[in-house]
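Peer 1: Sequence:
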Amino acid sequence: MSIQDSTGYGPSTQWKNLTFDGDERKFEIWETKILGYMKLRKLKDILVGENDDVNADKNETAFSELIQFLDDRSLSLVIREAKDNGRKAFKILREFYAGDSKPRVITLYNQLTTLQKGTTENITDYLMRAEKAAMSLRSANEQISDALLIAMVLKGLSDEYKPFVAIITQSEKVDTFLKFKQTLRNFEEIELIRSSTEKSTKESVLKTRDSKTFTCYNCGIAGHRAFECRKPKKKWCSTCRSSSHTNQSCRKKQQNETKPTTDHSKTAASVPSNDGNEHSFSFIFKASDNRNTYASGENFLVDCGATTHIINHDDGFIEEDPTFNPANHHIELADGSRVNNIALKRGTVIVKLVTKEGETVNVQLRDVLYIPSFPQNIFSVRAATKFGASVRFYEQYAELITPDGTVFQIKERNRLYYLYKSYSSQNRRESLEMWHKILGHCNTHDIEKLEKVVSGMHICNHETFDCEICVLAKQCNQRNREPDIRATEPFELVHTDLAGPIEPAAKDGYRYAIIFTDDFSGNLFTYFLKAKSDAPKAVKKFLADIAPFGKVKTLNFFEDVFPVGDVKKMRSDNGGEYISKEFREILVNHSIKHELSAPYSPHQNGTAERNWRTLFEMGRSMLIESNLPKYLWTYAIMTATHIRNRCYVKRIQNTPFGLITGTKPNLSKMHIFGTVCYAFLQPEQKKLDPRSKKGHFIGYDKESPSYLVYFPDDRTVKKYRVVKFTDQFSTSEPPTVPNHLFNNPEPEDQSTTNTDNQEAPKRYPTRERKQPERYGDSVNSEHLDLYDCINHVNGPPTFHEAINGNQSKQWQSAMEAEIQTLKSNETFTLTELPDGKQTVGGKWVYDQRGPRNPHLQSSLRSKRLYPERRY
7 MSIQDSTGYG
17 PSTQWKNLTF
27 DGDERKFEIW
37 ETKILGYMKL
47 RKLKDILVGE
57 NDDVNADKNE
67 TAFSELIQFL
77 DDRSLSLVIR
87 EAKDNGRKAF
97 KILREFYAGD
107 SKPRVITLYN
117 QLTTLQKGTT
127 ENITDYLMRA
137 EKAAMSLRSA
147 NEQISDALLI
157 AMVLKGLSDE
167 YKPFVAIITQ
177 SEKVDTFLKF
187 KQTLRNFEEI
197 ELIRSSTEKS
207 TKESVLKTRD
217 SKTFTCYNCG
227 IAGHRAFECR
237 KPKKKWCSTC
247 RSSSHTNQSC
257 RKKQQNETKP
267 TTDHSKTAAS
277 VPSNDGNEHS
287 FSFIFKASDN
297 RNTYASGENF
307 LVDCGATTHI
317 INHDDGFIEE
327 DPTFNPANHH
337 IELADGSRVN
347 NIALKRGTVI
357 VKLVTKEGET
367 VNVQLRDVLY
377 IPSFPQNIFS
387 VRAATKFGAS
397 VRFYEQYAEL
407 ITPDGTVFQI
417 KERNRLYYLY
427 KSYSSQNRRE
437 SLEMWHKILG
447 HCNTHDIEKL
457 EKVVSGMHIC
467 NHETFDCEIC
477 VLAKQCNQRN
487 REPDIRATEP
497 FELVHTDLAG
507 PIEPAAKDGY
517 RYAIIFTDDF
527 SGNLFTYFLK
537 AKSDAPKAVK
547 KFLADIAPFG
557 KVKTLNFFED
567 VFPVGDVKKM
577 RSDNGGEYIS
587 KEFREILVNH
597 SIKHELSAPY
607 SPHQNGTAER
617 NWRTLFEMGR
627 SMLIESNLPK
637 YLWTYAIMTA
647 THIRNRCYVK
657 RIQNTPFGLI
667 TGTKPNLSKM
677 HIFGTVCYAF
687 LQPEQKKLDP
697 RSKKGHFIGY
707 DKESPSYLVY
717 FPDDRTVKKY
727 RVVKFTDQFS
737 TSEPPTVPNH
747 LFNNPEPEDQ
757 STTNTDNQEA
767 PKRYPTRERK
777 QPERYGDSVN
787 SEHLDLYDCI
797 NHVNGPPTFH
807 EAINGNQSKQ
817 WQSAMEAEIQ
827 TLKSNETFTL
837 TELPDGKQTV
847 GGKWVYDQRG
857 PRNPHLQSSL
867 RSKRLYPERR
877 Y
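Take the position in the sequence shown, starting the count at 1, then add 6; the result is the number in my numbering.
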């Protein structure tokens, strides 16, 4: 129904196409049309002008003209609020249909991010939809850059545009959306021409084949082929060229297959190639979440259209072409564009490839281009066949055959063919981001420098990245201060500080942690305490760990004990644990000078304070990323200390471990904290029992060459030497097992055991703690409320009911026993009541615990000073 029919008025037939039907998706187009119409009427400045002084008559005229093009719904929006006010009415329409409200902006962003090209939609309509969504967001005061719009359009393209997507992401010339549209349209036109040409060629080939008359080689009759012949087939061996037997029963052929093949070196494979000028590279890059080595950028993607080999790292060059100039070397991309200055050098490269028999051999690749911006190494079939090699393609795999007869298998993955490289087991090849996670989210600058001072580490991808875990765990205020005067020899000065109480308490009952930092090397030593009073025991353990007993060969590859010398000075704050008599006596007995910071001056002990921040940031990062419970914070801090001692320190140009021991730390056995792993069980298991158990890796044992594995099902930590790691995290909180109601709130160290069920050594010697026997039948106050909820049975409310009830004898005996206990414990003393004073009221409280175990409780309720006591 038209507007004029529904309301009785409307524009004339000449301007009928200017009517607005209330569809907010068409408002922007209608707005452009109506403003053009108002400009013809010389009323545009009245609607959208910047001048606040508007002529009243023209404003009424503009309102009259405007409402002629509105439907009933839109007219109802302005008829009351802006009657005879054209500017205000137009403003109301804008705010309603094209406002910047949050729900509308979210809807527009959703339309832009979920943009998808239809199967029958042409590229022009697809680009118009994208521009319309971007224009709507910009009208809502949102900043939509051309780069973001290009990324959204690329994301919505179908698989047939994958070559265009791969090339356009590498090109720096397409920097505006206008250029991008032109390039995309050109690509679509080229693909249409090519597809039509291929279709006509196939039709002509099929037509030619259908026009032929086939002759059967078996019976000699025309009209059918040999495999369609119904007559018995004649015997014929193509190897011996004899009619006495067939190929399947040929002995000569079977003998040749058992021998190494050398005839293939002179035969070039029939490899499909693109001889046109439009594509020099026909590869397609595909993103995959699988972190195995097969689909990584380190392996070679076999490309029949590439004219030369390409690698994205330069650690294998043995010879470089001195005449190569990157500015003069152009590479033709899939969209027909030519770029230069992306290939930095050319030469001969040695790579390690795996033969079909599994042997690792060195292979020379000539005229290889080094292009670090390429995400994938490229193996050119053309370049290989040029030097005498051949490539044979089969249904699910292919083979590369060198001139000397060596065969390399090419495997198919995601409809692409890959030639696999061999990786040395001595060096672990990971990206910078993966090493960042392995090293407890250490900063990337130190990780890049760490590669030169450690063994077993190789960074294969130096691309920068943003780590959300680091932002969550390390974001803080930045402060500047002048550096301290450093020590000149190991343990000349040691910084110490105590942290706690830490909530929640650790799995083993620890609530405090103490750190000792060597000022010379930066080595950290961390110990955990159940109370502050255990600080003297911790310092004894520290002094024993660094005692000069000489270098000893050890099997522990996680050792953090350095026998180098005596401590000369120790700096701490004024905490009570450091100024106690026992602590001072230990320092005096070891001839250690004690330096204290000034009161309320923590910056004077800043080295220890800053190390706490570093360790807790690293431990917090690992706990957040691993999704493990917080009561494992001791293992996270212990792992962070182990990692920090092996991280690069700019001040010493080395690692703390390397500076003290004089050896490079080996990082090849380090893994990501909290990842799922499988611990190998002992061979005493039964035949049908599993040989490994799934758990979470939470650190390295300091007393043996073992890993610490946490099992969420029973909340135990055990030591294992043989562990298989997955580098994957659990997607949910690990299950917890409820504590027994009557357990001691300070857990014993019985859950950290090795595979022989032996108790794990503690960080420092402690005496065995036992409860007094008088508390043997008591209930922990921590679980008292929960215990009462489960086992509470109401007793008699009054003394009279207890004496006269069914269990009067039991209650009488319980009361007599209670009175006798009060007397023996000298709980009260009989005395005369002073004048003017009142007695404190007392009451028997009868409580029956359990269905068959009645007990009596007497509570002395005080009105002022005495809290309630239970006996």
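No wet-lab data here; the hints were simulated from the structure.
Note that the structure is predicted; figures quoted are calculated from it, not measured.
There could be a bad hint or two in this list.
Claimed, not checked - Straight-line alpha carbon distances no greater than 20 Å define the calculated DMTMM-like cross-link-like pairs of lysine to aspartate or glutamate that follow:
| no. | residue 1 | residue 2 |
| --- | --- | --- |
| 1 | K392 | E405 |
| 2 | K89 | D59 |
| 3 | K138 | E148 |
| 4 | K458 | D320 |
| 5 | K546 | E498 |
Peer 1: Against each hint, give a clear statement of whether it holds in the structure.
Peer 2: Structure-based check of each hint:
1. K392 - E405: The hint holds at about 16 Å.
2. K89 - D59: holds (18 Å)
3. K138 - E148: Roughly 14 Å separates the two Cα atoms, so the pair holds.
4. K458 - D320: holds (16 Å)
5. K546 - E498: Roughly 17 Å between the alpha carbons, so the hint for K546 and E498 holds.
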